[in-house]
Amino acid sequence: MKGVDADIFARNVPGSTERLARAVIGIAGCGGLGSNAAVSLVRAGVGRLILADYDTIESSNLNRQHYFQKDIGKVKVEALAAQLLDINPGVSLDLHKRKLEPGLIPDVFSGADILVEAFDRAEAKRWLIESWCRFFPERPLVVASGLSGIGRCNSLRVVKSGTIYFCGDGESDSNMGLSAARVAIVANLEANVVISLLTGNEVL
Amino acid sequence: MILVNNRDKIEWRDNMTVQDLLNTLRYEYALITVTVNEELVASEDYGRFQLRDGDQVGVFHLAHGG
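Here the protein sequences come in this chain order: A and B. Under numbering that gives the first Met the number 0, read the first sequence as residues 0 to 203, first letter to last. Under numbering that gives the first Met the number 0, read the second sequence as residues 0 to 65, first letter to last.
Heads up, none of these hints are tricks.
Cβ-Cβ distance ranges computed for the label pairs, FRET-style: (1) A/Gln-82 to B/Glu-10: 50 to 60 Å; (2) B/Leu-24 to A/Arg-151: 20 to 30 Å; (3) A/Gly-161 to B/Asn-22: 22 to 32 Å; (4) A/Ser-154 to B/Leu-30: 16 to 26 Å; (5) B/Met-0 to A/Asp-106: 41 to 51 Å; (6) B/Asp-13 to A/Lys-73: 51 to 61 Å; (7) A/Pro-105 to B/Ala-29: 23 to 33 Å.
Below, simulated EDC-like cross-link-like pairs (lysine to aspartate or glutamate); rule was C-alpha separation at most 16 Å, straight line: (8) A/Lys-159 to A/Glu-137; (9) A/Lys-98 to A/Asp-119; (10) A/Lys-159 to B/Glu-38; (11) B/Lys-8 to B/Asp-19; (12) B/Lys-8 to B/Asp-54; (13) A/Lys-159 to B/Glu-37.
For the record, the hints were derived by calculation from the structure and aren't laboratory data. For glycine and all other residues, C-beta sits at the position ideal for the given N, C-alpha and C.
Extracted from the complex, chain B is given alone in its bound form (with noise of 0.2 Å):
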């Protein structure tokens, strides 16, 4: 089970990746920055980074604004 943003509860699966998990998700933002354990994941990364069961991942969107 991985835990996004303390909320959402998504079923691990092997070699699920932090892009397969924004997939599932369906995030529609066009900007997001993702922490996998309270560490930042590089964006280039989300595709090749491997989720382990019990990860804790948070999903942060960017809005424009400042």
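So that you can see chain A by itself, here it is in the shape it has in the complex (with noise of 0.2 Å):
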């Protein structure tokens, strides 16, 4: 990480910010789940990040993502790298504006060590998970499903198989509507479960 600012993190865990410094994380995604995933990555000092989407910012994402009035009409990786930066001006960004598939998986994320699943259709994270299970099949992989409604606070948790993570009650759907609260709840159980696994402390 170039020019960090070390008082951003004099309050991080002993012994982690060195470890996630030197960390590479992908998002695919960076909707209601990859806005606020990579915040809180960023705020705990992860120091690379790979966003890649292809979507420009509309009034109605501003119910959970972590967008402002100021940013309709923006590409979001662009407006989520300047708030990144904002938030750590020491922090390394790769941005991909473009419509992710399969084939594109080991170009744009070969650099990370993890990535985190931050789409809206169920299609896309299956073949998302298909994809970089092909390609990296030893790297962990970061999933989220079941993050709709309102309530059932303790239905969201994480579940592991292999090198994948579910986070999510695994079961509302999105035609229930979304809520800011449940929506970034399961974002950060993502980037929890990244930082555990960079940090060598128990995910589960």
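Combine the two chains into a complex, taking the hints into account.
The following block contains the structure:
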């Protein structure tokens, strides 16, 4: 990480900052999950993020995604990058404003130690899981499934299978509607899994 | 015996594939992802991936939303 203001991380868990600073994390999708997870990862001290999303910000994103009125109409990866650099000017960011597809995964995320799945559509979640596990079978993948609706606070949890960590309730579907707190909890479950893995802490 | 999600026990049969298991389980979810002994099985392989007696299978529902 270049030009780090060490005071940012003065209250970090002892021993974690150096390990987080060396890490490279991929984030596939910069909507409700990706934007909130990225903010937490940069606040924690992750040194480099690879952000990928083709979309621009709309008013209807502001009920859960980490953007502001002034961002409407902007490219998501660029607006998110501006926020992240405002938190830590020393963070390194690779921005990919493109629609991801299975064949692009090894190219876009080749440098990532861990990938955060932050898509909206379940079909896309599935091809991303299959593509990541085919190209990078040894590297952890953190997936979100089931973050919609309101309530059932204790249903939001992490389930592990091999190198894949599934975050959320595993059931609720976005046709129920989406609420900021529940989406942000699952985004932060994803970030927490990443931070735990990077620092050698128990994940579950 | 096949153990599903560390919870459900399903009788193993000769030549049983992942797809046979999913049919037995009668999952109603449209989109799932499956692991066998902690390794992902691609969805296109469900019909030909043969399970062995004692395999541990994870079936995870993928819900829209992000």
